[in-house]
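Fit chain B to the given chain A structure using the hints.
The residues making up each chain are set out below.
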Amino acid sequence: MNTSLQSDYLQGIAVNDFATLQKIYKESLPEVAKYVKKNSGSFEDAKDVFQEGIMVIYRKIKADALTLTTSFHVYLFSVCKKIWLKKLSRKSGKSVPLDFVGDFASEENLDADITKARKWALFNKHLQQLAEECRKVLKLFFNGRSSKEIAEEMDYTEEYAKRKKYKCKIGLTKLIKEDPEYKSLIV
Amino acid sequence: MAFSEETYIKIFRYLENDLSSQERADFEQEINASEELAREVALQSEMNELLADSPENELRKNLDTLSRQAQDKEPPGGFPPYFLWGIPLLLAAAVAWWLLSPSADDANSRSGLTDSSTPSSTITPPSSPSSSGSTDDGRSPEDSTAVLPVDSNDLSTNGLTDADSPPIETGEKEEEAADVGLSRRSATDGGQGGGSTTAAEPPKTPKAPEESKEMPPDSTISVAPPDSAIFNSEELFPELKLDTTEYAQIGLPPSLEPIPELNSLIGQTLNFYGFILQAEQKQQDVQLNAPRGPVAFRFAGKVLPDPDSFNPADTSVAEQFYGFLQENTFELQLYSNDEAAYEAGEPLYNSQPINLNLTSNQKSADFEVRITLNLNPGRHYYLIKSTTDGKIFFVDEFIVIP
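In order, the protein sequence lines correspond to chains A and B.
Residues 1 to 187, numbered by our numbering, are exactly what the first sequence covers, in order.
Residues 1001 to 1402, numbered by our numbering, are exactly what the second sequence covers, in order.
By construction, these hints were calculated from the structure, which means they are not laboratory data.
As the structure is a computational prediction, the values presented were derived from the model and not from experiment.
From the three backbone atoms N, C-alpha and C, an ideal C-beta is built for every residue, glycine too.
Hints are all accurate, no fakes.
Some residues of chain A that are not near chain B, with every Cβ distance over 10 angstroms (derived): (1) K60; (2) A65; (3) T70.
Derived DSS-like pairs (lysine-lysine); straight-line CA-CA distance at most 25 angstroms: (4) K125/A - K1061/B; (5) K136/A - K167/A; (6) K23/A - K38/A; (7) K174/A - K1363/B; (8) K139/A - K62/A; (9) K1061/B - K177/A; (10) K139/A - K1061/B; (11) K125/A - K174/A; (12) K174/A - K1010/B; (13) K119/A - K62/A; (14) K183/A - K116/A; (15) K136/A - K1061/B; (16) K1061/B - K60/A; (17) K174/A - K1302/B; (18) K26/A - K1061/B; (19) K148/A - K167/A; (20) K183/A - K1010/B; (21) K1010/B - K119/A; (22) K1010/B - K139/A; (23) K1061/B - K62/A; (24) K1061/B - K116/A; (25) K125/A - K183/A; (26) K23/A - K1061/B; (27) K136/A - K1010/B; (28) K125/A - K136/A; (29) K148/A - K1010/B; (30) K119/A - K1061/B; (31) K125/A - K177/A; (32) K1010/B - K167/A; (33) K139/A - K116/A; (34) K177/A - K1010/B.
Just chain A, with the same shape it has in the complex:
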């Protein structure tokens, strides 16, 4: 295993380097796609799983909780495999033996990371569906801006900014809860 190359991949993910990500897609996605398609999935499913897999690795890097004992590609593949098996088990309502995943990923508890990646995708999908104005207000809010600052930015009164923020967030919450994916995340 070329350790320098493996750490290049991790470093690339950590700093969101587009060229490295592109390389990872080119080198690893076909294998993941092949696996997903062989196991009742589509190429679209494979791309989702692949994204979640990279996000899981990113969080592990950031939490300083990742030591590669195998090549990066094998590790990424095993993470993706586990994600896909979990999705399949949710779809079928049957549990899939996770020890089938392999030696690498099954040793670690990836569940929390996977759930977090899926929640991000769900929340963000519905945030993008909101009207531009609501989206702007909520982005300001999520980034820690006070109602006063939102009011200044959006040319509102402070009271209106507060009400708008609440209304938009309630709207976003309803959208999220109506999504079938939400139920599978909460249960």
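Chain B only, in chain A's frame:
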């Protein structure tokens, strides 16, 4: 369990440290007493955390871009597409053998077939643009009956077999999907991921419609194994008209590129606080008589309580519906396929709030939008959005043909 607006506001204020110490202590007691409330507080807190701008979100954006660019390089699973061509050919050969065998006369007399009515191969070439007649949606009858080899893998990507995929509106959409052998979604997706099959024998130069009449019939529709030459699909646009199956094979011209976010909503029944919109008259694809021309746009439908959200025995439904109509207004927005304009919230057309007319039985409210617009050729979307919180209530698309 749905929480009241008041409770939500309390949750938000709690998470923002905006409650007095007494209010906070009382609310924490409530949280401890209610698992549902505790879960809601956790959800709101997670939303605040996960939706903040962060390096993680920036990474996600790059991954989204790469995902959109990624194409399926794997050979499709199962039988190769050309296997499907073999079925009709084998059938045709079997029929021919049967008819030409010594007992053919007997066979014909048994089946009632004559030479002129003997079916040829089921692979029907498309007609030239000058073919007479068209279906309601603007496709020529020949186009709509053309049988293309269907990649079983493409079928799986259209979400029809995906339990997580949104329900497809019954009726029109499904019939349309059946017509072309693929769902509209998969057909449009094919423009991005359609590297697996390309059209064979592409024309080297743009062909005028007159020229296309003389093209060998198979040359515009037959599908070769991967890696054959690439069409300039923009040049073929006028000839291909609306057969999205063909676009899926050769790639889309820019004016037909979909906006993925909107396409993912087409055909879904979007529930808006327990109420749904049923389309009764959707805008059809239209053909222009000039490079840019007036298009008579019409969309009609009704809003009604979602049967899945209300108990039929609930006598307050009518009252709730009336309240819903009083409190909510909707507008129609029309976009071209310009994704940037959609993301910036800059539609080509934005209606006044739509009039919802309560029917005499008070079980639904009808509406109709009629406008005439000058539109360029290409894909267009129309959405019904809440003017209150911007939630999209309905999305559909139509194509303006040059």
